[in-house]
Structures are given as structure tokens and as C-alpha cells.
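Trainee: Sequence:
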Amino acid sequence: MGLVLSKWKRLLAFQLSLLLMLGLVSCDKPDLVVESGFPTPETREAVSPIRQVSEVSPPETIQQLRPLLDRYRPQVSIVSPKADTIFNDDTIAVRLDVRDLPIFQNGELELGPYIQLLLDDRPERAIYDLETPVILEGLSPGTHTLRAFAVRPWQESFKNEGAYAQTTFHIYTETGANTPDPEVPSLTYNTPRGIYGAQPILLDFYLANAPLHIVARESEEDDILDWRVRATVNGYSFVTDRWQPFYLTGFKPGKNWLKLEFLNEQGDPVPNTFNTTAEVIVYDPNQNDPLSQLIRGELSAEAARSIVDPNYTIEPSEPLEPTLEEISEPTVPEREPEIEPEIEPEPEIEETPEVLPEIPKETAPVTEEPSAVDETQETQEIELSPAESIEPEETTPAESQEPAVEVEAEPEVEAAPEVEIEPESIEASPEPMPEPEIEAVPEEVPQSESVPMDDTSS
Numbered sequence: 001m002g003l004v005l006s007k008w009k010r011l012l013a014f015q016l017s018l019l020l021m022l023g024l025v026s027c028d029k030p031d032l033v034v035e036s037g038f039p040t041p042e043t044r045e046a047v048s049p050i051r052q053v054s055e056v057s058p059p060e061t062i063q064q065l066r067p068l069l070d071r072y073r074p075q076v077s078i079v080s081p082k083a084d085t086i087f088n089d090d091t092i093a094v095r096l097d098v099r100d101l102p103i104f105q106n107g108e109l110e111l112g113p114y115i116q117l118l119l120d121d122r123p124e125r126a127i128y129d130l131e132t133p134v135i136l137e138g139l140s141p142g143t144h145t146l147r148a149f150a151v152r153p154w155q156e157s158f159k160n161e162g163a164y165a166q167t168t169f170h171i172y173t174e175t176g177a178n179t180p181d182p183e184v185p186s187l188t189y190n191t192p193r194g195i196y197g198a199q200p201i202l203l204d205f206y207l208a209n210a211p212l213h214i215v216a217r218e219s220e221e222d223d224i225l226d227w228r229v230r231a232t233v234n235g236y237s238f239v240t241d242r243w244q245p246f247y248l249t250g251f252k253p254g255k256n257w258l259k260l261e262f263l264n265e266q267g268d269p270v271p272n273t274f275n276t277t278a279e280v281i282v283y284d285p286n287q288n289d290p291l292s293q294l295i296r297g298e299l300s301a302e303a304a305r306s307i308v309d310p311n312y313t314i315e316p317s318e319p320l321e322p323t324l325e326e327i328s329e330p331t332v333p334e335r336e337p338e339i340e341p342e343i344e345p346e347p348e349i350e351e352t353p354e355v356l357p358e359i360p361k362e363t364a365p366v367t368e369e370p371s372a373v374d375e376t377q378e379t380q381e382i383e384l385s386p387a388e389s390i391e392p393e394e395t396t397p398a399e400s401q402e403p404a405v406e407v408e409a410e411p412e413v414e415a416a417p418e419v420e421i422e423p424e425s426i427e428a429s430p431e432p433m434p435e436p437e438i439e440a441v442p443e444e445v446p447q448s449e450s451v452p453m454d455d456t457s458s
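Counted the way the working numbering counts, the sequence shown spans residues 1 to 458.
You may find that some hints are simply not true.
Said to hold, decoys possible - Result set (BS3-like, lysine-lysine): computed pairs, CA atoms no more than 30 Å apart in a straight line:
#, residue 1, residue 2
1, Lys82, Lys159
2, Lys159, Lys259
3, Lys159, Lys255
Honestly, the hints are just simulated from the structure, not real lab data.
Work out the full structure: start from the sequences and follow the hints.
Mentor: Written as C-alpha cells, this is what we have:
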């Protein structure tokens with residue numbers, strides 16, 4: 001019995017130890033930080049996966065407009081305030097100078113090349129007019145830093161040497177805050193900021209004092225360290241060693257947060273003012289501002305060219321206006337004279353029918369002659385009636401037909417009115433046509449001839 005109990009005790013102890021080990025393993029849930037494009041889940045109990053962002057090509061319209069500004073190498077400088085100036089007021093005037101880049105804003109699309117001005121770690125405003133100084137009011141006492149750099153109309157910064165400038169000044173006194181080390185590389189977060197209505201959304205930054213990768217990688221024994229930039233969007237991180245704009249998709253409607261960090265070659269953050277920046281933006285698909293239309297492709301490169309060329313707005317309007325005027329003006333007067341000559345010959349048509357009523361007057365006696373023949377049949381003057389009736393009847397229809405033909409030949413010049421008049425003349429000609437009645441008269445004539453023969457004998 002003792003042996004059996006000892007075996008059961010050993011079995012129970014083994015099971016208890018196994019359960020304890022499983023419990024310890026389940027409690028160990030370390031956070032996983034994965035870079036280079038992989039999500040970083042905080043706990044295993046996360047139900048919804050982190051939405052991943054993806055890099056895509058720039059919008060087609062931006063690709064077509066970008067070369068028009070690549071020929072510029074803007075040189076930006078801050079004229080005032082001067083470096084390390086101490087002001088005894090909380091209001092200052094900022095003046096900038098820009099060379100080799102036209103600074104303007106298109107009036108219709110409200111876009112154009114501009115200078116982005118930042119005060120400390122916050123964007124102050126986009127500057128489209130260099131003639132008017134920028135007034136900063138209500139500045140807190142202490143040290144402040146201004147940063148300014150040239151930007152394309154679609155919020156992408158110029159990255160040539162000289163496109164960035166900064167200066168540090170003091171309000172009432174120097175405190176040392178907001179003072180970046182000029183000997184250490186620094187990162188300036190540019191975009192995204194604010195509200196966006198279309199994807200992809202531009203991620204852009206400017207680097208100052210950052211060494212070239214080829215120089216940093218020449219020797220491992222020098223003090224020049226290589227660098228990288230880590231970007232985190234809604235918890236999804238990726239690391240890049242490229243200094244270029246990134247067009248990203250995968251943003252959710254509503255609020256989204258981003259974080260940029262400047263890292264050394266070991267992957268550690270480089271300590272310097274502004275080298276780590278976080279921002280919250282809003283993605284609203286219903287937003288319909290000109291920039292959103294440009295990204296969605298609703299604006300063509302030709303329609304949006306006025307945001308990169310200040311003189312392009314006049315060119316498309318000039319050829320359109322004269323072409324419409326040239327077409328409309330000549331067509332109207334050309335049709336009017338065509339109608340007027342058609343009205344002028346109408347009185348000529350009225351003159352021609354005046355000749356036509358004369359024809360029935362000539363035919364009227366012809367119709368009266370057969371009536372006279374009827375009367376002569378009753379009288380004894382029959383010898384004249386057959387001779388006169390036969391001769392004029394043969395001649396009058398021929399003569400009456402000939403003037404009808406002549407009248408028809410006169411209005412042949414006008415085709416339309418003649419058709420209406422011809423049937424009237426044709427109706428007039430058949431009126432004397434009762435010649436068959438005259439042919440019937442000679443049948444009675446031999447009877448009348450016998451009568452005068454008796455009279456002459458007597």
C-alpha cells in the first residue's frame with residue numbers, strides 16, 4: 001500500500017508542476033516591435049488587426065506637373081528676425097527672401113508654390129506673398145525658432161540645398177528652449193497636416209545636416225553615422241533610408257495619427273529638437289477641395305497647369321473668345337441678305353398677272369362670236385357667218401395660244417411663282433376650246449344653205 005501511495009503522490013506532483021509551467025508561459029506576453037513595414041501588436045488579445053498602409057505611385061496629374069517645377073532650385077533666406085535677436089515685445093515681423101522660384105497663388109484653384117513657415121514645432125502659415133511681412137503676435141517669453149522651406153502646390157517640399165532656412169530669436173529673454181543643435185542632423189515634419197479628402201496622402205519631410213549615405217558608409221571607424229527615418233501610421237511602422245516624398249494609402253475615415261523619428265545607423269533616435277514629431281490628421285472622403293480633386297484625377301494637367309505657371313491662365317482664355325465671336329458674327333449677316341432679294345422679285349410677280357387678265361379679254365369676243373352665229377341662224381345673213389366663223393376660229397385659237405406661250409416664257413426666270421400662274425393660263429385657254437360646237441354648226445349650215453337658194457331663185 002505504501003508503494004501505491006508514493007506513486008500517486010509522484011503523479012500528482014508532476015501534474016501540478018506541469019500546470020504551473022503552463023501558467024507561467026501564458027503570463028509571459030512581451031510586446032513585439034517589428035519595423036520595416038510590419039504591424040506592431042501590443043497584446044495577443046488584440047481583436048481587430050492594425051490596418052496596414054501601402055506606398056503607391058504619385059497621382060498621374062502630379063507626375064505630369066512635377067517636371068515643370070524641377071528646373072527651379074529655390075534659395076530661401078530669413079531676412080528678419082536676425083539670429084539671436086532679443087525683442088522687448090511679444091509681436092515681431094517676419095520677412096523672407098526667395099530666389100529662383102515664383103511664389104504665387106492661383107485665384108481659381110487657390111494653389112501654387114509657397115513657403116511653409118513653422119514657429120517652433122507648429123506650422124504657422126503658408127506664404128504666397130513675399131512683399132507683405134508676416135506678423136506674429138502674442139509670442140510667449142523665451143527662445144523661439146523659425147523654419148521656412150519652399151513647397152510645391154501639392155505640399156511636396158523642394159529638397160535641394162538652400163531650399164530651407166531657420167533662425168532662432170528670443171522674446172524678452174533667452175531660455176534655451178526650442179533650440180536645435182546646428183551640428184546634429186535635424187528632421188522637419190512637413191505633411192500630412194489637417195484634413196484630406198482623397199488618397200494617397202503625402203508623407204513628406206525635410207532633412208538638415210544629414211550626411212549622404214555614400215559618405216556615411218565609406219568607413220566604419222569615422223564619426224559620421226548613417227541615418228534612417230521611421231514612420232508610424234496608426235500603429236503600423238516602416239523604416240526608410242530614402243529622402244523622398246511617400247504617397248500612402250490605407251488611412252481610415254476619421255482621425256489618423258502619424259509619427260516621424262530620425263534614427264542613427266543602430267536604429268536609435270538621434271536626440272535633437274524637432275527630430276521626433278507626432279501629428280493627428282482627418283481623412284474625409286467627402287472633402288472636395290482643389291487638392292483632393294487633383295489627387296483623385298478630377299483636374300487634368302492642362303486645367304491645373306496654372307498652379308505651376310503664373311502666366312498660363314491668360315493663354316487658354318484668349319483663343320476661345322475670338323473663335324466664338326468670329327463664327328457667330330459672320331453667319332447672321334450672311335443669312336439676312338439672302339432673304340431680302342427673295343422679297344424684292346415678288347412685286348415683279350404682281351406685274352406679270354396684269355398681262356394675263358388681258359388674255360381673256362381677247363378670248364371674250366371669241367365666245368361672243370358663236371352667240372352671234374346662233375343669232376344669224378335665225379336671220380337670213382347666213383352667208384357671212386360661216387365664212388367669218390370658220391376663218392377667225394382657226395386663227396384665234398392659234399393666236400390666243402401663241403401669246404399664252406409668250407407670257408409663259410417671260411416668267412421662266414422665277415420658277416416658284418410661274419408654277420402657280422401656269423394653271424390659271426391653262427384654265428383660260430380651254431374657255432375658247434368649245435370649237436367642237438363650231439364643228440357642229442356646219443352640220444346645220446347645209447340646211448341653211450338650201451334656204452337661201454330658194455330665196456335667190458325667187
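Trainee: For a quick check of understanding: which of the numbered hints are violated here, in increasing order?
Mentor: The structure conflicts with no hint, since it agrees with every one listed earlier.
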